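Residue numbers (the working numbering), protein chains in the order written: chain H, 667 to 1130; chain Y, 39 to 234.
No lab work stands behind these hints, which were simulated from the structure alone.
Watch out, some of these pointers could steer you wrong.
Unchecked claim - DSSO-like cross-link-like pairs, simulated, lysine-lysine; straight-line CA separation at most 30 Å:
(1) K823/H <-> K705/H
(2) K91/Y <-> K857/H
(3) K696/H <-> K903/H
(4) K675/H <-> K705/H
(5) K675/H <-> K816/H
(6) K91/Y <-> K1036/H
(7) K114/Y <-> K872/H
(8) K114/Y <-> K857/H
(9) K743/H <-> K823/H
(10) K675/H <-> K720/H
Remember, it's a predicted structure, so these values are computed and weren't measured experimentally.
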Amino acid sequence: MPELRGTTKGPVLTRWFGTDNLHTLDVYEKLGGYGAMRKALTTMNPDQIVQEVKDSGLRGRGGADFSTGVKWSLMPKESALPMHLVVNADESEPGSAKDRYLMENSPHMLLEGIGIAAFAIRSHQAWIYIRGEYDGPYERLVTAIGEMKKKGYIGPKPFGADWPLDVRIFRGHGAYICGEEGALLESLEGKRAQPRAWKPPYPAQKGVWNRPTTVNNVETISTVPWIIENGGAAYAKLGTEKSHGTRMFTVSGHVQRPGNYEMEIGKTYRDLIEGLAGGALPGHTIKAWWPGGSSSPVMPGDLLDTTTDLDGVKNVANLKSHPQPPLNMGGRAFATMGGSGGVIVMDESFCMVKAAHRLLQFYAHESCGKCTPCRVGGNWAVRAYERILSGEGGTEDLGILDRIQDGLQAGRCLCGLGDAAGWVIASTLTHYRSEYEEHALHNVCSAEMAAVNATSPLAGRTNA
Amino acid sequence: MGVLSEHVIEEIRGLPAQFPDIRSAVMPALDLAQEHVGYLSPEAMSEVAELLKLDPGYVQGVATFYTLFHTEPVGKHRMYLCTNISCKLRGADDLLAHAMQSVGVGGQSEVSADGLFSVEAVECLGACEYAPMMRLDHSYHYDLTAEKIDALIAERKNVLPIHGEVPAKPAEGPPAAPAKPARKRAAAPRKKKADA
Ligand SMILES: Cc1cc2nc3c(=O)[nH]c(=O)nc-3n(C[C@H](O)[C@H](O)[C@H](O)COP(=O)(O)O)c2cc1C
Ligand code: FES
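One chain only, chain Y, in its complex shape (with noise of 0.2 Å):
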């Protein structure tokens, strides 16, 4: 009756054989823990570290010490926004305002009210040559602009009837925000009102 399933279960019980020690299994594991609950809660990390035989401790101070394991429920899809240097210098700060806004959400920890959405301003993705970027659950999105995230935006939100690769329209109505706020912004935006 614990949260993960037989055939996660079965998968973490083979990592450790891979490995010339058990700990290094740990990361994977996580991995498969993450993915299949969403998040890492302290029930999926405590099981974990029950399969693996390691400390339950030791096995929660990897999660956290790594940007990429949540132990806070997150979106049902995750936009990581690069906001260092060489996307900053390409207009990285206003995306994440619009992001944020866009899916309704005022800070990083938040999950939108329809529960699809997190934002996470992220450091260097390595693909500073496509800047603006950002990476949206397992794929990289380049040359964005604020256009581009609502599209992303729509076609996860109006999820699509089969399984085409013809992105759906974004919504019609008011877009979320306008292409370039005209004031400059902190990176992690408190809500706000109206400033164009």
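Just chain H, with the same shape it has in the complex (with noise of 0.2 Å):
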């Protein structure tokens, strides 16, 4: 294992973090694993489960913010084909790692929500979908089931409960759009990863194999067991009004430690870059950072102190003195979002139509094609920024990117992966509009020159 990068002993994903062989079922129990487990099933019906992550306030750490308990609620009580629970274990957002922290250092802590989350929703088969780069994740998820396999606690009779329970994995083979999770079910049916058409049916009706299905994201999971542990109002107490809890952020880029934080939410995202992260690197200074990896619009460096909470994050009045960008959200307008948690660094040495132009050949790349606004609009980008840096572009492209911004957003895609290219877009062209004019009016990179009379370690090779 590699020099752990992040919070080690945090208030609750993270608490035992830092411990030897915490990966292990034994060390995990001696801690005190496995005993929310045992209490949900030993002692609760799946309704008071429900009811106490309901009351926790914990909402979906996928990106999409969806009160759980909610969701864990609109699954069928009776069902005559079986029902699944399936973990989002896909993490491929760019600048989000902190699934990954989770599994490989605690697998058990998924494994033991698993297994209670899995009671409540009345499902005796869980499948864990990860992507296939993640060998080492993967091999600890297979240790591990087989370690409680030998306890008995998947199998007929887990804790002695009448309940029998199974977890299977399922590996992704390379797409980012396997997150989405209508393309998720479709992966692990066998097809190509395309998102289903508009909802209703939702899952929790006809998920995976037409069978009632809750999807939920590695992290949502593995708070679980915390929350039975210690009741879904402690872990109201922390947090916000209407953000509870705290959760996993990762940073990366231009920072002094990047790392896997575990934060409470409501602090600000200057606690996080600059307190725990170290801020910037040394004679640099922070021109612009990513709340919630690539798909969450990009904030000025100015603005650090916005607030984690998930509805807050939100609230254009973040924007302060600065040109609000065309950002739309299901009809509303937004400043940005808290989404993955996966928090980019970016300072003044590096360009940020270079920047835009990297995501935006991300998500063209990732198109999975079924929709013609994101299949077309992504590559129509990339056109324009190729031709904007490479000193061939004029004032039309920047319409041209406007108009294409304009096409993806407001849910016109099937999925938020047009969103997400359309946000990089209208946010880096209003935030970072003069960049974009140098470059096409008068092919000019000021951030280059600004790199080249930096003098940190990385200035030399940060704006290939």
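Both chains are sitting in their own frames, so use the hints and assemble them into the complex.
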């Protein structure tokens, strides 16, 4: 294992991190692990668990912030067909590594959460859909499942309860879109991963193999044991009025201590980026940051005091004196979002047009091709960026980018991938318009010039 | 006389029973075939289709959708270098150029002359706190530098006589490229003349 970069002994998820061999069942259990699953299966019924999770206020950590307890309560109480819990371990959002951190350090925390969640939604078979590149976490989970089976925690009567449990792993094969829950279920069914057409039906009615299904993120499920052990009310005491608890953030890019940090929700991004992650590299200043993976609209460097509250972060008032980008989420204007918690930090030595170009390449490459605006828009945008960056662009290209972002947003695409691509263009073009103009009109890159003059050890390599 | 061996065929035959629907077995089956053959040749794909009693076009459609399936030959060792934003901010593009030059490939579809390596620029691998990073075959390598990449290449060139964990010393002689190419490069570089 490499050096651990991130929170150890944090309040909830990482409370035991840093303990030697935490990934083994023995150590995990000695610290108190599996107490919550035992409690749930032997002293509670499914409805009580759902209620406890509702009381906790836990909202999904996969990016959409949806209430976990409410999602579970949408599952039918009786079903002729088997029902499934599907754990989304596809983690492919650029800038996000926290699910990997959780799985490789504490696989049993996720598995204990799965045991509780599956019981709560009356499912006997859970699937973990893990991205194919995660060999290390996969091995950890396979070993951990083996340990559980030996103990009987997975099997016909976990903790003596008359309630058989089976947990299986399905490996993905490299496609960002598999993280989108409809596409994930298609992939699990052995198909090309394309999002399902408009909802309803929701997965709780018709999910994988047409069976009632609940899809939850790794971090969401990993939080459940703590909630059951300490009670929903205790979790709700952490955080803000409407965003309870703690969450994991991955901080990467131009900071002194990149890592996966657990922080109470409601503190600011400054607490995270400058406090926990050590702030900008020596001699540099933070020019931009993405709060929740590349799909969350970019924020200017002087707005680090923005709250991490899941609703508060969206407030356009956060932008203060900055112009407001034309961002649209389900018909509403917003500033940015907490997303997956993958915080990407960029300093003045890197060109925003080049960063946006790279991200558009990503969205164009990962578009599944099912809906037209996303399939076509992403590629058009990439070409416009290429013209601008090669010095062959002009103001008309900025107009083209503006039209493309508009065509990608506001639910015009089948899933959130198109919106995300549009938000990258809209937010960077508004907040960093002068850099776009420099390139398009004068073929000049001031970030590159600054980088050449800078002294940081990373400086010479940052603008390739 | 197909391309899949008996035991791979046996394993693939056992897959459908693990799923409520036979189609769910297609990715694990392709995975086994790819591990065995090295890549998904048309023959490998049609054998998988036959074993699972699925339409060959369907199987091919799945194989071509996912980037971890290779339908063209690849090197014995596959370097998947992350070039997405967090790694790019920390110098991934130069490392990609360096890796390609070190193993002697000019593009992402090429295999090195000795058949040992192919290099692919990939999207975020979910280890951004260790940027720049790559996946080499089935393991992650962190805080990459040109020197680290060269050492990993050398290790695989000078296959160790015993199963030792001691990495072989990088081969003496001229290093493949300067650690820091002086000029910026495109993401998929063409073969370059000395540009340091
Ligand atoms: C393009 C796209 C990619 C996504 N990728 C992921 C992912 O990698 N992991 C994840 O948990 N959720 C991802 N999501 C969100 C899922 O669709 C879904 O909302 C989530 O897994 C639900 O779990 P939660 O309620 O616990 O957050 C993605 C969504 C979109 C639109
Ligand atoms: S951007 Fe390279 S691992 Fe995430």
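We went through each hint and held it up to the structure:
no.: 1; hint: K823/H <-> K705/H; in the structure: holds (14 Å)
no.: 2; hint: K91/Y <-> K857/H; in the structure: holds (15 Å)
no.: 3; hint: K696/H <-> K903/H; in the structure: holds (27 Å)
no.: 4; hint: K675/H <-> K705/H; in the structure: holds (23 Å)
no.: 5; hint: K675/H <-> K816/H; in the structure: holds (29 Å)
no.: 6; hint: K91/Y <-> K1036/H; in the structure: holds (26 Å)
no.: 7; hint: K114/Y <-> K872/H; in the structure: violated (42 Å)
no.: 8; hint: K114/Y <-> K857/H; in the structure: holds (28 Å)
no.: 9; hint: K743/H <-> K823/H; in the structure: holds (21 Å)
no.: 10; hint: K675/H <-> K720/H; in the structure: holds (26 Å)
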